Amino acid sequence: MKIHNIIGEEELCKYDHIVAWGLGPLFETNYLNCQRTIFTIDAVIDGRSEHLGEVISGISVVPPDYLNELEGRTLVVCYTIYETEVWTQMCSMVLPELDFILYAMIRVGQNLNTLPHCAKNGEDVALLNMLNRLDIDSVRFLEIGVCHPIIRNNTYLLYEKFSKSKGYKGVVVEPNPLMHDLIEEYRPADVLIKKGVTGSHLDDPLEFYMFPNLLGHSTFVKELADNEGLPYEVMKIPTTTINEIIEDHFEGDLLPIILALDAEGMDYDILSGLDFRRFQIPVIITEIIEEYKDNIFRLFSDNGYILELTTEENTIWRLGI
Numbered sequence: 001m002k003i004h005n006i007i008g009e010e011e012l013c014k015y016d017h018i019v020a021w022g023l024g025p026l027f028e029t030n031y032l033n034c035q036r037t038i039f040t041i042d043a044v045i046d047g048r049s050e051h052l053g054e055v056i057s058g059i060s061v062v063p064p065d066y067l068n069e070l071e072g073r074t075l076v077v078c079y080t081i082y083e084t085e086v087w088t089q090m091c092s093m094v095l096p097e098l099d100f101i102l103y104a105m106i107r108v109g110q111n112l113n114t115l116p117h118c119a120k121n122g123e124d125v126a127l128l129n130m131l132n133r134l135d136i137d138s139v140r141f142l143e144i145g146v147c148h149p150i151i152r153n154n155t156y157l158l159y160e161k162f163s164k165s166k167g168y169k170g171v172v173v174e175p176n177p178l179m180h181d182l183i184e185e186y187r188p189a190d191v192l193i194k195k196g197v198t199g200s201h202l203d204d205p206l207e208f209y210m211f212p213n214l215l216g217h218s219t220f221v222k223e224l225a226d227n228e229g230l231p232y233e234v235m236k237i238p239t240t241t242i243n244e245i246i247e248d249h250f251e252g253d254l255l256p257i258i259l260a261l262d263a264e265g266m267d268y269d270i271l272s273g274l275d276f277r278r279f280q281i282p283v284i285i286t287e288i289i290e291e292y293k294d295n296i297f298r299l300f301s302d303n304g305y306i307l308e309l310t311t312e313e314n315t316i317w318r319l320g321i
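Numbered per the numbering used here, the sequence shown spans residues 1 to 321.
If you're looking for bench data, these hints aren't it; they were derived computationally from the structure.
Simulated pairs of lysine-lysine, DSSO-like, Cα-Cα distance not exceeding 27 Å:
hint, residue 1, residue 2
1, Lys222, Lys120
2, Lys120, Lys293
3, Lys164, Lys120
4, Lys195, Lys222
5, Lys169, Lys120
6, Lys2, Lys14
7, Lys194, Lys222
8, Lys120, Lys194
9, Lys222, Lys293
10, Lys195, Lys164
11, Lys194, Lys161
12, Lys161, Lys120
13, Lys2, Lys164
14, Lys194, Lys236
15, Lys161, Lys2
16, Lys169, Lys195
17, Lys195, Lys236
18, Lys194, Lys164
19, Lys194, Lys169
20, Lys2, Lys120
21, Lys293, Lys195
22, Lys2, Lys194
23, Lys194, Lys166
24, Lys120, Lys195
25, Lys222, Lys236
All values reported here derive from a predicted model rather than from experimental measurement.
Let the hints inform the model, and build the full structure from the sequences given.
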């Protein structure tokens with residue numbers, strides 16, 4: 001069974017076994033460097049069988065069939081963005097006493113009374129602090145480029161904290177059809193737009209280069225896709241513009257408080273099409289690609305924005321008017 005929250009150590013204690021799934025940076029950063037002090041896993045599963053038999057920090061790397069050997073109640077903790085792939089494999093195994101949860105949804109020990117911080121470099125916490133400083137009484141945001149709705153997502157913290165509050169509105173845009181079910185599952189209060197976003201209106205669908213094994217790098221920019229050196233699938237995806245989204249989903253003066261952009265090479269194109277005079281959004285977070293960095297900085301400066309924070313991948317801007 002897939003579960004969405006574990007709160008308190010007593011909930012973890014009811015499991016006979018806890019097993020991790022996923023060997024990448026999410027496992028290292030979140031389990032080995034953090035959660036290991038709170039709970040112990042029996043093994044870590046390599047669903048793609050690339051590191052079987054290895055031992056990582058004293059933890060054995062095992063195949064999915066390892067789950068069949070376990071007796072009693074088992075919890076699988078997912079440390080990979082490929083949640084759908086993992087869940088499909090688990091469902092095919094027909095294990096009645098097995099539960100499944102994302103690592104970020106476990107809150108025990110020091111995390112018991114806190115909300116999950118999911119952004120890669122603390123961008124979600126920075127956004128929350130800015131809202132508190134600006135004394136915002138209701139949260140409205142537009143996120144373009146969601147990918148996974150929780151893992152390394154810049155707005156999930158806002159969703160978790162405010163989605164049941166008066167005046168909340170979240171509009172999220174994601175072109176990749178592989179992510180739509182997860183977004184609708186984890187964020188039912190948000191409006192999901194299943195399109196791409198461009199700087200100007202296009203009548204015809206746009207080619208989208210989707211990496212099945214590198215979901216976060218899927219893009220509308222062919223040059224970026226080719227530079228990855230990995231196989232991709234080409235899809236035709238309908239598009240809209242940022243101005244059309246705001247017109248259709250935010251009424252009157254109730255504009256987004258936050259605009260979050262992670263559009264894999266399309267950020268400057270999208271921002272250059274934004275009507276800054278008409279839609280004065282207080283806070284904007286955008287991914288920065290070196291090729292367009294100077295143009296993006298100039299665009300924000302020309303429209304009255306002040307650079308608030310720079311992280312490894314993003315910049316956060318505040319309207320200075």
